[in-house]
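**Q** Protein chains in written order, with the numbering used here: chain A, 17 to 127; chain B, 16 to 131.
Keep in mind that the hints were calculated from the coordinates and are not lab data. Don't be surprised by glycine CBs; every beta carbon is placed ideally from N, CA and C. Keep in mind that a hint or two might mislead.
To be verified - Stretch-level coverage of chain B by chain A, calculated; a stretch enters the list once three of its residues show a Cβ under 8 Å from a Cβ in chain A:
id, region
1, 58-68
2, 84-97
3, 122-128
Said to hold, decoys possible - Quick list of the computed label-pair ranges, beta carbon to beta carbon:
id, chain 1, residue 1, chain 2, residue 2, range
4, B, Gln-32, A, Thr-45, 46 to 56 Å
5, A, Thr-72, B, Thr-129, 32 to 42 Å
6, B, Gly-18, A, Ala-82, 30 to 40 Å
7, B, Arg-37, A, Met-26, 33 to 43 Å
8, B, Leu-54, A, Lys-70, 16 to 26 Å
9, A, Asn-35, B, Leu-54, 22 to 32 Å
10, A, Ser-95, B, Gln-32, 34 to 44 Å
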Amino acid sequence: LAKTTQPISMDSYEGQEVNITCSHNNIATNDYITWYQQFPSQGPRFIIQGYKTKVTNEVASLFIPADRKSSTLSLPRVSLSDTAVYYCLVAPEYEGFKTIFGAGTRLFVKA
Amino acid sequence: DTGVSQNPRHKITKRGQNVTFRCDPISEHNRLYWYRQTLGQGPEFLTYFQNEAQLEKSRLLSDRFSAERPKGSFSTLEIQRTEQGDSAMYLCASSLRSSGNTDTQYFGPGTRLTVL
Numbered sequence: 017l018a019k020t021t022q023p024i025s026m027d028s029y030e031g032q033e034v035n036i037t038c039s040h041n042n043i044a045t046n047d048y049i050t051w052y053q054q055f056p057s058q059g060p061r062f063i064i065q066g067y068k069t070k071v072t073n074e075v076a077s078l079f080i081p082a083d084r085k086s087s088t089l090s091l092p093r094v095s096l097s098d099t100a101v102y103y104c105l106v107a108p109e110y111e112g113f114k115t116i117f118g119a120g121t122r123l124f125v126k127a
Numbered sequence: 016d017t018g019v020s021q022n023p024r025h026k027i028t029k030r031g032q033n034v035t036f037r038c039d040p041i042s043e044h045n046r047l048y049w050y051r052q053t054l055g056q057g058p059e060f061l062t063y064f065q066n067e068a069q070l071e072k073s074r075l076l077s078d079r080f081s082a083e084r085p086k087g088s089f090s091t092l093e094i095q096r097t098e099q100g101d102s103a104m105y106l107c108a109s110s111l112r113s114s115g116n117t118d119t120q121y122f123g124p125g126t127r128l129t130v131l
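So that you can see chain B by itself, here it is in the shape it has in the complex:
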């Protein structure tokens, strides 16, 4: 257990529905990342926050995806009008950006999304 938690662990939805995932990072970590991973591939970067500010967003990220991190604590990732191609594992990671340490990311267990 890395200290990063994600909920739910599994989500099954029908095409066209909206889904929301939650990530609780390690408490003192100021950076939070979202990744997507499909079978047989490595995690693919989606977006990241430093505190409450969303600083980077992948160009591959559809407008149907939105992420928030209110108050710089937990984060939510919402997918609107889900498509079957959105089926994947959604991973959250957190890190501590400060002087004297590298930006090592610690991952949560992931949320497995299945779109029917």
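Isolated chain A, as found in the complex:
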């Protein structure tokens, strides 16, 4: 099972773009990369998922280089409400039960 490594914490200011990078050196061919956001006392919320290159939705962008050994979650123009823990996960396409959560990255957005 692929393991992920991401920074423990990051600070930012309102209006800035935030990039959180995750390493997954042992990613397998059929693994997808998924990012979740979690606020205190709530369940994780799906943000974005990708396999290669770039994926963008209304919330974030996900950049995946050709070797897929890392990925970067990009949050444009963060606000105070983006303060949360962000988890990078790697799991096979049809085997979500193999998802392993690490400790995540605690993003703190300041005014």
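Following the hints, complete the assembly by docking chain B onto the known chain A.
**A** What follows is chain B alone, placed relative to chain A:
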């Protein structure tokens, strides 16, 4: 709101008592997962169901824990003879396993268990 609901949201119990939690997944989802999360850590996988069949169970899961998903709809997680170390947030997630889509999990709000 992801469409996954969990009840109760909070449970306080005394050590040695049994507790049961309920999860109602998104209606068309055929997979259901249980996780446990302690303060400062990411969710830890406990078990999962595909329809009514329990297909995977963590080796870390004590025999005091049991889960069911009758008729492949809602699920219950029971903890017998609770211990203080069982205090945690218990999260439920559901997903749709079908061709053409990845197994993306959608989480409920969790049940916070406190064992005194």
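**Q** If any of the earlier hints don't hold here, list their numbers in rising order.
**A** 2, 8
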